[in-house]
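In the order they appear, the protein sequences are chains A and B. In this text, residue positions in the first sequence follow our numbering: the first is 1, and each later residue adds one. In this text, residue positions in the second sequence follow our numbering: the first is 1, and each later residue adds one.
For the record, the hints were derived by calculation from the structure and aren't laboratory data. Be a bit skeptical, because a hint or two may be false.
No distinction is drawn between identical chains; accordingly, a pair holds when it is met within one copy or between any pair of copies.
[To be verified] DSS-like cross-link-like pairs, simulated, lysine-lysine; straight-line CA separation at most 25 Å:
id, residue 1, residue 2
1, 185, 258
2, 218, 284
3, 156, 46
4, 102, 284
5, 83, 258
6, 102, 408
7, 28, 188
8, 333, 185
9, 218, 192
10, 102, 156
11, 333, 175
12, 333, 28
13, 83, 273
14, 284, 192
Number of protein chains: 2
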Amino acid sequence: MDCDTLVIGAGVLGLSSAYYLKKMDPAKRVVVIDRFGGPGQGNSAKSEGGYRTLFTSEVNYLLADSTIDWFSHVEEDLGYDLKFHNIGYLWLLSDEQYTGWKDALQIIERRGTEMRTLGKEDLERIIPDLVTDFRDDDEAELLGLEQVDVGILGVKCGSIDADALVRSYEQEFTKLGGEITYNTKAEKLILKPVEELDIPGEPFVWQESHVVGAETNKGEMRAETTVVACGVWSEMLLDPLGFDSFMRPKKRQLFAFKEPRLEGLLNVKGLNKYGVLPLTILPKALILLKPELSEGSIWLGCADDLGRPFGLEEDPQAEEDYYTNNIYHALVKYFPCFEDVRPMNMWAGQYAVNSFDGIPVVVPSPGMIYVGGASGSGIMKADALGRIVAALNLGEEEAELYGGRRLKVADLGIHNRNVERESLII
Amino acid sequence: MDCDTLVIGAGVLGLSSAYYLKKMDPAKRVVVIDRFGGPGQGNSAKSEGGYRTLFTSEVNYLLADSTIDWFSHVEEDLGYDLKFHNIGYLWLLSDEQYTGWKDALQIIERRGTEMRTLGKEDLERIIPDLVTDFRDDDEAELLGLEQVDVGILGVKCGSIDADALVRSYEQEFTKLGGEITYNTKAEKLILKPVEELDIPGEPFVWQESHVVGAETNKGEMRAETTVVACGVWSEMLLDPLGFDSFMRPKKRQLFAFKEPRLEGLLNVKGLNKYGVLPLTILPKALILLKPELSEGSIWLGCADDLGRPFGLEEDPQAEEDYYTNNIYHALVKYFPCFEDVRPMNMWAGQYAVNSFDGIPVVVPSPGMIYVGGASGSGIMKADALGRIVAALNLGEEEAELYGGRRLKVADLGIHNRNVERESLII
């Protein structure tokens, strides 16, 4: 046995899991391996780093809300600079869309989640750069763009530096004596019979088998438990085992802008203490804008769904054309300040999309725990998910989340999965 | 528009869907295409053709029970020879496994499903070829094989000729005026904006888009609704669209035997009216045996799970070694009559495994309906699933299954999915 627990993947889910695995059982040898040269280099650090508490699913809310409290603890008590900026999330909706949101908002309101509803006039006054109405714009009408009638502002929502978060887990984990080996690629999970007979061809179908570690480019690593936490790459390890990763990889792109004419978006009063535009979601197309306070820029993303293929890409690239000849047409109608503005930077990563219910899975299998399917919200749920992995490994029925709330571990599993499908997916 | 409804896939789900689409709306032009030269040539006709009513999930029960009644109707009233043999399903269990089955059996009993419980002595008496006890067999003990303490006999269970079933739907469909074009491969679904603007690059992310047909090796085929029913191949059409197929392909193999020493299995009195062994499932390894009455042979399969990879194979092959150096070790301990018996024939197909809840999905998307994820039990649920597809296409809330029972169409969808995870998966 090379270690007690082998964690594959030094992204945010792997490192959070490793940290709690070590913290909850300090005598155990916990080793993290990652194919890249540093933490979060797969997709974690490429994330927009948004976080929110507005979810319809109770489990999603609990995962995110407790993780956000953890962010605050990490900045205030542990002294890391996570660029934790509670700028809020602002959903812009047409009246028709707002009607479709009523059930979701009722669930969220009943939970006591802080939010504000803004009317069209409020929005026009507070965000002078925003066009809410296309009555005078034949072209926008022709494009079929939705007007903006209502704004929903989520208050405990905002932005975090995903890279800094990942590094905080890395540092806390190694402080406890946890080990990380970078540039180490898991190539295959090792499946062995529980009772080895030393007959060629094992494991046979009639034997109980379990995962006992992984083959890596640096040799075999054996462990009592192997935690698979490598996001979209998980399928490369799990498919050969015939174990479902409950997710499909989908590319998502970010474009960053820094132009004097966008200054207005960094000067929006009354929606957050920073006086900037909240992370803002345009109607229908799910185009997102986020002021990045640390660099005075605006980040733009788009939650494209139907038409954007599934499939693992080794090195996904942003497509400038996707901005200039696609998103731009709509964006410039809502925010004319983007006219002729080109991105100064762009990059792409992949979401691990669980289309079934949109909620992460934490699934045990003999000798193994798989955590994944976070559907693009792994960062904002990372702390809770790491605790759930550790609790599952210790055989505990419940995990204690930051702040003391508890969650049944099996709820996020498959056999006794107990979650409601999330309605507010971005 | 080339047709009203284009059904991709002339397997059992595609043809059943096509039949009900046409039957429920005879004025519509319904066209089925398939890459192969005849019906069911993908995986349908490779199936073992087992059917059963023992399911824990109410939906699964309803789908199967009504479809089995349809089989009976097709033979008795429509005059097709489906080789519909109600030989029963016999699960052999150890006491420990039986304890694990208690909850499932209670659900099934409460539903009124006919079954019998047989003790070890009953089993030994009725099936002289079966070894229930390994007390005198050190090797079997060493292998860790489970003893047989209990048998659960499902009565409304048995075997059907999958090929004949597929052909019955084909014939009934064409009788109604439905059209089928073989050797026609759908290469790509065509996604277009609902409101076309004739601007290059459509559909844009900010447009509503819908499927309007498929590109095939014989040209484009446009339709108001495209039904994707091509089993494991569905992912080749759906992944590029970024639409989840909610299944992973997994190879399953069948081996056929015809040997004088297996005659005993074709002469088992008291478990069904045919006086043969029921479709029998060995403990734990899920090795299955099925007497194939029409050819006087025994078919053998194995529901291998962990260790059998996921992944689409164009032409999956049976592995003789999988029988001789794997299944055989256990098989011959339970049924010594298999000693030195080699398969006379073998073949392989692929299951479309939905690991999430084990239940088929019928999912709408603009311009499209996807039916799949039947997890190896598509044949025994085909009639109900075809009716659900047709009801969904007509915008009906409920589908009427054969015999008059009704099912909410949305229950099998994703957004408002309402099914219990199946516990009795083979």
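State whether the alpha carbon distance between residue 28 and residue 188 is at most 25 Å within one copy, between copies, both, or neither.
-> within (23 Å within a copy, 51 Å between copies)
Are the CA atoms of residue 102 and residue 408 at most 25 Å apart within a copy, between copies, both, or neither?
-> Close across copies (24 Å), not inside one copy (29 Å); limit 25 Å.
Have a look at residue 284 and residue 192 and pick one of within, between, both or neither, based on CA distance no larger than 25 Å.
-> So residue 284 and residue 192 pass the 25 Å test across copies only (17 Å; inside, 49 Å).
When no copy is specified for residue 333 and residue 28, does a C-alpha distance of 25 Å or less occur within a copy, between copies, both, or neither?
-> neither (57 Å within a copy, 42 Å between copies)
Residue 83 and residue 258: within-copy, between-copy, both or neither at 25 Å Cα = within (18 Å within a copy, 72 Å between copies)
Between residue 83 and residue 273, at a C-alpha cutoff of 25 Å, which is it: within one copy, between copies, both, or neither?
-> within (14 Å within a copy, 74 Å between copies)
Is the C-alpha distance from residue 333 to residue 185 at most 25 Å within one copy, between copies, in both cases, or in neither?
-> neither (46 Å within a copy, 42 Å between copies)
Homo-oligomer pair classification [residue 46, residue 156; C-alpha up to 25 Å] | within (22 Å within a copy, 55 Å between copies)
At 25 Å max between alpha carbons, let me know whether residue 185 reaches residue 258 within a copy, between copies, both or neither.
-> neither (37 Å within a copy, 48 Å between copies)
Can you give me the call for residue 218 and residue 284, within, between, both or neither, at a CA distance of at most 25 Å?
-> Classified as neither; 48 Å inside a copy, 36 Å across copies.
Measure nothing new, just compare the shortest in-copy and cross-copy C-alpha distances for residue 102 and residue 284 to 25 Å and report within, between, both or neither.
-> within (16 Å within a copy, 49 Å between copies)
Between copies, within a copy, both or neither: which fits residue 218 and residue 192 at Cα up to 25 Å?
-> within (20 Å within a copy, 48 Å between copies)
Checked against the numbered hints listed earlier, the structure breaks hints 1, 2, 8, 11, 12; every other hint is satisfied.
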